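Here the protein sequences come in this chain order: A and B. Note that my numbering has the first sequence beginning at 5, numbered continuously upward. Note that my numbering has the second sequence beginning at 13, numbered continuously upward.
No wet-lab data here; the hints were simulated from the structure. Keep in mind the model is a prediction, meaning the values are calculated, not measured. For every residue, glycine included, the Cβ atom is placed at its ideal position computed from N, Cα and C. Check before you lean on any hint, since a few could be wrong.
Claimed, not checked - Label-pair restraints from in silico Cβ distances:
1. B:A163 / A:P36: 31 to 39 Å
2. A:A20 / B:S171: 30 to 38 Å
3. B:P52 / A:L50: 29 to 37 Å
As the list claims (entries may be wrong) - Computed footprint of chain A on chain B; a stretch qualifies when at least three of its residues, placed anywhere within it, have a C-beta under 8 Å from a C-beta of chain A:
4. 38–45
5. 58–67
6. 109–120
7. 123–130
8. 134–140
To be verified - Each computed DSS-like pair below joins lysine-lysine, with the alpha-carbon atoms no more than 25 Å apart:
9. A:K96 / B:K69
10. B:K69 / B:K47
11. A:K86 / B:K44
12. A:K96 / A:K54
13. A:K70 / B:K64
14. B:K44 / B:K64
15. B:K69 / B:K44
16. A:K70 / A:K96
17. B:K47 / B:K64
In case you want the letters, here they are:
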Amino acid sequence: MVQYSSTLDDAFAAVADPTRRGIIERLGSAGPASITELADSFDMTLTGMKKHVQILEDAGLVESEKIGRVRTCRLGSRRLAKEAAWIARYEKMLNDRFDRLEEFLGRTTGD
Amino acid sequence: MMTATAPRRATVTTPTDREIRIERIFDAPRSKVWKAMTDPTLVAQWWGRGNKLVIEKFEPVRGGHWRFVEHAEGQQHGFEGRFREVTPEERVVQTFEWDGMPGHTVLETLTLEDLGDGRTRLMTTSLFFTAEERDGMLQSGMEGGVNQSYAALDRLLESMK
Numbered sequence: 005m006v007q008y009s010s011t012l013d014d015a016f017a018a019v020a021d022p023t024r025r026g027i028i029e030r031l032g033s034a035g036p037a038s039i040t041e042l043a044d045s046f047d048m049t050l051t052g053m054k055k056h057v058q059i060l061e062d063a064g065l066v067e068s069e070k071i072g073r074v075r076t077c078r079l080g081s082r083r084l085a086k087e088a089a090w091i092a093r094y095e096k097m098l099n100d101r102f103d104r105l106e107e108f109l110g111r112t113t114g115d
Numbered sequence: 013m014m015t016a017t018a019p020r021r022a023t024v025t026t027p028t029d030r031e032i033r034i035e036r037i038f039d040a041p042r043s044k045v046w047k048a049m050t051d052p053t054l055v056a057q058w059w060g061r062g063n064k065l066v067i068e069k070f071e072p073v074r075g076g077h078w079r080f081v082e083h084a085e086g087q088q089h090g091f092e093g094r095f096r097e098v099t100p101e102e103r104v105v106q107t108f109e110w111d112g113m114p115g116h117t118v119l120e121t122l123t124l125e126d127l128g129d130g131r132t133r134l135m136t137t138s139l140f141f142t143a144e145e146r147d148g149m150l151q152s153g154m155e156g157g158v159n160q161s162y163a164a165l166d167r168l169l170e171s172m173k
């Protein structure tokens, strides 16, 4: 049990950064993506994205493979990666839900 | 349609290494936000994030059960939990589980704050547990419960002598 608990703590430490949470969520829900695609969707420079991906790779959360000139990233196969993806996905779900609630409350103004 | 450029008045923090806290300010009075969160016909209109939502169970009282199924792109995602505390217009404490990650319980505490200018702050603190921890808690809880039951049985048997 101690071992499993530290997995969740490690997953949290790895996803402490909002951009990295976003990358994990993106790879977990939409599948593999190239560094260029990730940089575009997070409005970042290639250099900045490479740094984030490197940190995630070092933590074993993300795996990447270079074919030709394109480096493709995917969610890591370790248990920790799945824990981290769940945390990131949960957060996105909550924010999407509150976006909808906000829209709903705005739509019903004057009720 | 919501767009990525829509202003998002949200802050996300990680107060401890097991918690995520999301704060949102809604341009609506607290009573209205509360109603949107606890009236099932209203919940169905936003909880599914634009997807069809089937509310199978919704009992917003202490000990009550909730179960929602979101229908998205031919897939079904079930979510469920129990209400631990429901204090009208102030606080809801509930558990949250997604069918896709069975046993990964999240304990959610939602508090509403009237900002006094017609706006309301919603703060959600989500505490994460692993499946093993959850099972451990259940087990220890059950052991306690079983022991209490045995103690009550002992007392009952004693009184029948």
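*Starting from the hint list further up, note which numbers the structure goes against and sort them upward.*
Hint check: 1, 2, 3, 7, 11, 13, 16 fail, others pass.
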